[in-house]
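Participant: Now for the letters of each chain:
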Amino acid sequence: MTDVTAMTATQIAGLVATGAASAVEVTQAHLDRIAAVDGRINAFLHVDTEGALAAARDIDARRAAGEELGPLAGVPVAVKDVLTTKGVPTTVGSKILEGWRPPYDSTIVERLRAAGTVMLGKTNMDEFAMGSSTEYSAYGPTRNPWDTDRIPGGSGGGSAAALAAYEAPLAIGSDTGGSIRQPGAVTGTVGAKPTYGGTSRYGLVAFSSSLDTPGPCARTVLDAALLHAAIGGHDPRDSTSIPAPVPDVVAAAKLGATGDLSGVRLGIVTEFGGEGAEPGVTAAFNEAVATLTKLGAEIVEVSCPHFRYALPAYYLIAPSECSSNLARFDGVRFGLRTGDDGNRSLEEVMSLTREAGFGPEVKRRIMLGTYALSSGYYDAYYGQAQKVRTLITRDFTAAFERVDALISPTTPFVAFPLGARTSDPYQMYLADLFTIPSNLYGGPGISVPCGLSDGLPVGLQVMAPTLADDRMYRVAAALESAVGTFTPPAL
Amino acid sequence: MAAISREEVAHLARLSRLAVTEEELDTFAGQLDVILQSVAQVGEVAAADIPPTSHSVPLTNVLRADVVTPCLTPEEALSGAPDAEEQRFRVPRILDEDVAS
Chain A
1 MTDVTAMTAT QIAGLVATGA ASAVEVTQAH LDRIAAVDGR INAFLHVDTE
51 GALAAARDID ARRAAGEELG PLAGVPVAVK DVLTTKGVPT TVGSKILEGW
101 RPPYDSTIVE RLRAAGTVML GKTNMDEFAM GSSTEYSAYG PTRNPWDTDR
151 IPGGSGGGSA AALAAYEAPL AIGSDTGGSI RQPGAVTGTV GAKPTYGGTS
201 RYGLVAFSSS LDTPGPCART VLDAALLHAA IGGHDPRDST SIPAPVPDVV
251 AAAKLGATGD LSGVRLGIVT EFGGEGAEPG VTAAFNEAVA TLTKLGAEIV
301 EVSCPHFRYA LPAYYLIAPS ECSSNLARFD GVRFGLRTGD DGNRSLEEVM
351 SLTREAGFGP EVKRRIMLGT YALSSGYYDA YYGQAQKVRT LITRDFTAAF
401 ERVDALISPT TPFVAFPLGA RTSDPYQMYL ADLFTIPSNL YGGPGISVPC
451 GLSDGLPVGL QVMAPTLADD RMYRVAAALE SAVGTFTPPA L
Chain B
492 MAAISREEVA HLARLSRLAV TEEELDTFAG QLDVILQSVA QVGEVAAADI
542 PPTSHSVPLT NVLRADVVTP CLTPEEALSG APDAEEQRFR VPRILDEDVA
592 S
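Quick mapping for you: the protein sequence lines, in order, are chains A and B.
Under the numbering used here, the residues of the first sequence are numbered 1 to 491, in order.
Under the numbering used here, the residues of the second sequence are numbered 492 to 592, in order.
Treat the hints with caution; some may be incorrect.
As the list claims (entries may be wrong) - Output of the computed footprint for chain B on chain A, the stretches with three or more beta carbons under 8 Å from beta carbons of chain B:
(1) 21-34
(2) 102-113
(3) 227-241
(4) 381-394
(5) 414-426
(6) 449-460
Stated by the list, open to error - Here are the simulated SDA-like cross-link-like pairs (lysine to any residue), alpha carbons at most 20 Å apart as the crow flies:
(7) K95/A - E566/B
(8) K95/A - S570/B
(9) K95/A - A510/B
(10) K86/A - A510/B
(11) K95/A - R328/A
(12) K86/A - P573/B
Hints were generated in silico from the structure; no laboratory data involved.
As the structure is a computational prediction, the values presented were derived from the model and not from experiment.
The beta carbon of each residue, even a glycine, is placed where N, CA and C say it ideally should be.
Sequences are here, hints too, so could you generate the full structure?
Facilitator: As structure tokens, this is what we get:
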């Protein structure tokens with residue numbers, strides 16, 4: 001048997017389905033790979049060796065019994081540590097939840113199990129999904145397999161790096177401002193943010209509830225689509241889950257893979273031009289645009305005048321929601337409690353617990369949100385940001401009257417060196433310049449590798465209308481069929 | 492002019508129940524000032540008549556039938572508690588001693 005860790009999820013599922021490989025063999029190969037390379041990458045916060053092998057044995061037993069298994073049965077998956085896993089540590093990259101073993105599974109994890117996938121473990125992330133480099137993890141940064149002195153993106157750097165390092169063929173991320181797409185771009189992998197409400201937030205540790213969207217990460221567009229189909233769809237336990245079927249993203253990815261985009265109109269956002277992206281990123285993007293044209297797509301320029309206010313609006317809305325959501329970490333019901341000496345008051349213990357448990361970026365955002373929501377500032381900051389959100393949504397709606405989807409670079413710059421942006425938080429925020437508009441609007445977006453700049457991956461983003469996730473898969477798969485996939489140097 | 496003072500940041504930390512150190516206050520005051528000056532750009536947008544968006548999905552009340560469904564046992568619900576007693580979360584004192592006595 002050739003090395004299964006180099007295979008796509010589709011190929012692995014085929015091996016397991018035909019009996020050419022057992023799920024246990026496939027799982028063990030990935031566990032061995034993790035043992036061999038993760039000391040240098042730090043993609044995983046927890047490897048669930050026993051749980052993974054037990055799940056794999058179960059799949060093999062069911063196949064032997066003649067049971068009909070789904071299209072991803074026996075395929076290993078890595079799960080971002082933002083999703084609860086029953087009995088398996090869930091830290092959200094934070095000291096405040098160190099050692100916590102949730103009493104329940106998130107819906108996404110339940111569906112992964114139901115699909116017959118094998119969870120390898122939990123992946124590293126910026127604390128509470130706040131960051132663009134995974135350097136804000138309380139458990140040390142993840143390193144980019146393309147260059148281990150560089151960041152793997154964030155907040156889902158662990159999931160993206162696990163894919164690029166061939167530690168897992170599939171991974172789950174969550175995207176509030178770009179945390180699936182930007183790590184995908186800088187690691188040369190595929191990451192998709194579904195339509196908000198298209199994937200369940202039940203059991204997703206909340207950061208910014210009106211924006212948080214779990215989604216699929218993979219090394220190919222088809223694999224991402226298969227994972228999307230497995231985890232998506234209405235969940236009665238999430239009150240903002242959309243009661244509509246998931247568009248047929250798998251069929252769309254297969255259609256796109258034929259390399260024909262004739263009749264498809266793609267828009268380039270005028271306001272994303274100018275000095276937004278670094279030259280190497282712009283060059284790779286322009287080359288990809290030429291490729292899309294060759295595939296038959298019609299490219300037009302569209303103006304979205306309010307997109308330039310997306311970043312400031314996001315950094316008012318997301319911190320405001322976070323300051324409210326993270327109030328639950330009070331040292332009472334779960335997680336850390338510090339300073340309870342029998343004399344201190346609840347409020348003192350709470351303040352000491354949160355001081356000890358949260359890292360600097362989380363503290364900054366809690367205070368920023370508290371400021372934006374305080375009386376006297378509410379109208380000028382949070383209220384005004386919500387109005388800008390309306391205008392950004394109107395820009396998208398107007399654009400989608402003219403084009404089927406919008407395209408842009410995923411992120412303005414390739415993977416930067418570790419430590420390059422941690423001292424200036426606003427410089428870190430700029431990584432999400434092109435991904436944030438879709439979060440505010442709620443529509444889907446995908447990052448697909450489109451080329452290299454000085455040997456480092458560049459991603460192209462496709463943004464589609466709400467509930468038209470299939471469109472972005474078609475465009476992304478077509479581009480992939482033309483430019484191929486990208487493999488980092490051997491570790 | 493600074494958008495936010497060190498004293499204001501100290502106040503925010505108290506409201507946020509964060510027992511920050513003096514050193515952190517110095518760092519956060521400078522950083523929050525830079526961030527606030529940047530995000531204040533939203534004020535440039537003429538939006539007086541624009542309705543706010545709180546959520547991208549049009550929200551209506553989500554109801555379900557009033558039927559008992561499985562849920563966590565008390566033991567499961569308390570499994571992560573820093574301190575528990577008689578099926579309850581145990582917390583440090585809430586009232587001052589002289590008030591409580």
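Participant: Give me the numbers of the hints this structure contradicts, sorted from smallest to largest.
Facilitator: Violated: hints 1, 6, 7, 10.
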